[in-house]
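Number of protein chains: 2
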Amino acid sequence: MPTHIDQLDTPAVLIDIDRVEANLTRTQTYADAHGLKLRPHIKTHKLPRFARRQVELGAIGITCQKLGEAEVMADAGIEDILLPYNILGTEKLHRLRRLAERVALAVTADSLVTIEGYARTFADAASPLRVLVECDTGMGRCGVQTPDEAVALARAIDASSGLAFAGLMTYPPAGAPAAARAILAAMAEALRSAGLPPTMISTGGTPDLWSAHETTIATEYRPGTYIYLDRYQVAKGVGTMDDCALTVLATVVSSPTPDRAVIDAGSKALTSDLLGLSGYGTVLGYPDAVIAGLSEEHGTIDLSGSALKPAIGERLRIVPNHACPVSNLFDRVHLVSADHVVATEIVAARGRVD
Amino acid sequence: MPTHIDQLDTPAVLIDIDRVEANLTRTQTYADAHGLKLRPHIKTHKLPRFARRQVELGAIGITCQKLGEAEVMADAGIEDILLPYNILGTEKLHRLRRLAERVALAVTADSLVTIEGYARTFADAASPLRVLVECDTGMGRCGVQTPDEAVALARAIDASSGLAFAGLMTYPPAGAPAAARAILAAMAEALRSAGLPPTMISTGGTPDLWSAHETTIATEYRPGTYIYLDRYQVAKGVGTMDDCALTVLATVVSSPTPDRAVIDAGSKALTSDLLGLSGYGTVLGYPDAVIAGLSEEHGTIDLSGSALKPAIGERLRIVPNHACPVSNLFDRVHLVSADHVVATEIVAARGRVD
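Protein chains in written order, with my numbering: chain H, 1 to 354; chain A, 1 to 354.
Calculated from the structure, these hints are not laboratory results.
On a predicted model such as this, the values are computed, not experimentally measured, just so you know.
Backbone N, C-alpha and C define an ideal beta-carbon position, used for all residues, glycine too.
Any given hint could turn out to be false.
[Stated by the list, open to error] Under 7 Å between C-beta atoms, here's a sample of chain H residues computed to sit facing chain A: (1) D6; (2) G143; (3) T300.
Construct the complete structure from the given sequences, taking the supplied hints into account.
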């Protein structure tokens, strides 16, 4: 087994465990100071080891986006899971019922169609399935649009024998926490007025993590990327490059001109996510290098503005724009402390598409 | 086992085997008519079954971009493999030597550093490693820039006891075949003048597939995406939507407004590759629907210009912008004929990052 990162073949994903621990501890400390409960989203790491660590440090449970991810985490001993997704389809609903029999589970719905599926599946269940109504607080993705719709869905949940109305869930857009807060408050108020007070109000997102305590009506917060951070989160001011725990180790395989280096990490390693940024990642130690283009197996670095030129064969560490989908592209990741490889972990919840 | 696509859980990848067969046959027939040799790139499908079928239909061998893919294909009985990549690093070079002992193998180089690694590794090999010089014909990625550089590298290969200079390799940019041809011809001419005539001249790319016969000096052509086609290739005029063999089956999980539907296929299913196109795929049966945004597990469809509105729970088939990275995101794909599931295949060469 390799004991130093120089012995690893490339491309490879390195996870700095000291930074992971610092990121987790910093966030849990912040949450504790404000009486906030954390329910971390495991999509970023997809590793049972880190999910268990998040709970150990004080998280009240975890968030999974996919039933398949939740099944992996239940197998790993996690006991409290929120699936903030509309689960539809016979096969998935059967799996959901089986999952609900072994962990404390809550799901979301933003339509009667989804609620009817849950109600059919849990009609004869020993304990009711907790269902939150998803509301759109500006993201423009899923979620009810008005307080009236939220009340109507809460009533439908409440009227179903196998279901329990549990509250509200939202994924707010980055950078607009005040506006999202106002929408969420109006939804909650309408539910209280209708006699269906939300016991859970779940919100999240790493970009606005440090203002989470201002959403005082929330009962829990679901950050995901905070464990690794990435170039996008640094751009949003959540941390610095020195806090980024996930890097892609790549080798310079070609340098056809003095201003161009090509690495063996393309979109199959870094993903083509731009998230509004310029370039596909930050090359550590080469502040003026720009990862200008990716094909599947090549990353093309523009060195025209960089006095430093990496040599062919040189190994580079890259902070990707978006850490989460990188975790989904690698069967294994290497946990490192400084340049030492501490462990190699199978990404157990990778590729759980359904 | 599901026998109809309605029984499959979503998101799922469907491969229409009748279209695959038609695409493969059409291309092989075209190649045969022009005396062209095909060496298909397996990165698109990553399936031993289809690699074998390509060879059975007349391909002279296959192309793999990664050593790990080549190892999978060698295990599957493929006997002739081109790896058009600079292979660097001790571990990879050891694997390359082992691979060369069991298949007819050729690799590429565009620098002395790469050649030196090959030379060291194969110095005492029973038969020499065939090495092609990669040249840049306008792609701006890897490859030597001038005929003089090509000659210098060919000489270095020729002077190494464990290596055999085999010719030229290029991946030309889409839409500029004439310019690429001229550069390639100049490289070949310089090599002939230097007494190192290229016996292999390998070019490729599906976008300019139907003008492949105009590059008369090429000895082989490496199309990849032609087996499935995709939205990008249709935009380039290589085929029509009715030729596209790979679709992503997704379910509408939400419709928060009449003009918005959300599907359970996001960037983890469709990838965030745009390739210059508008939107992240074509929704079959909904010509005016626009897949306007993707997050990891959600695809947001803008229906503002569409009179047809898919219902929650409805299943949609989507032609992705780029088929190849989709194959890399799913552990298995379903082979279908019309709406019938014929087989489910493990994507054996998925995730071979090194």
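Return the numbers of the hints above that this structure violates; sort them in rising order. Going through the list in order, the structure violates hint 1 alone and respects the others.
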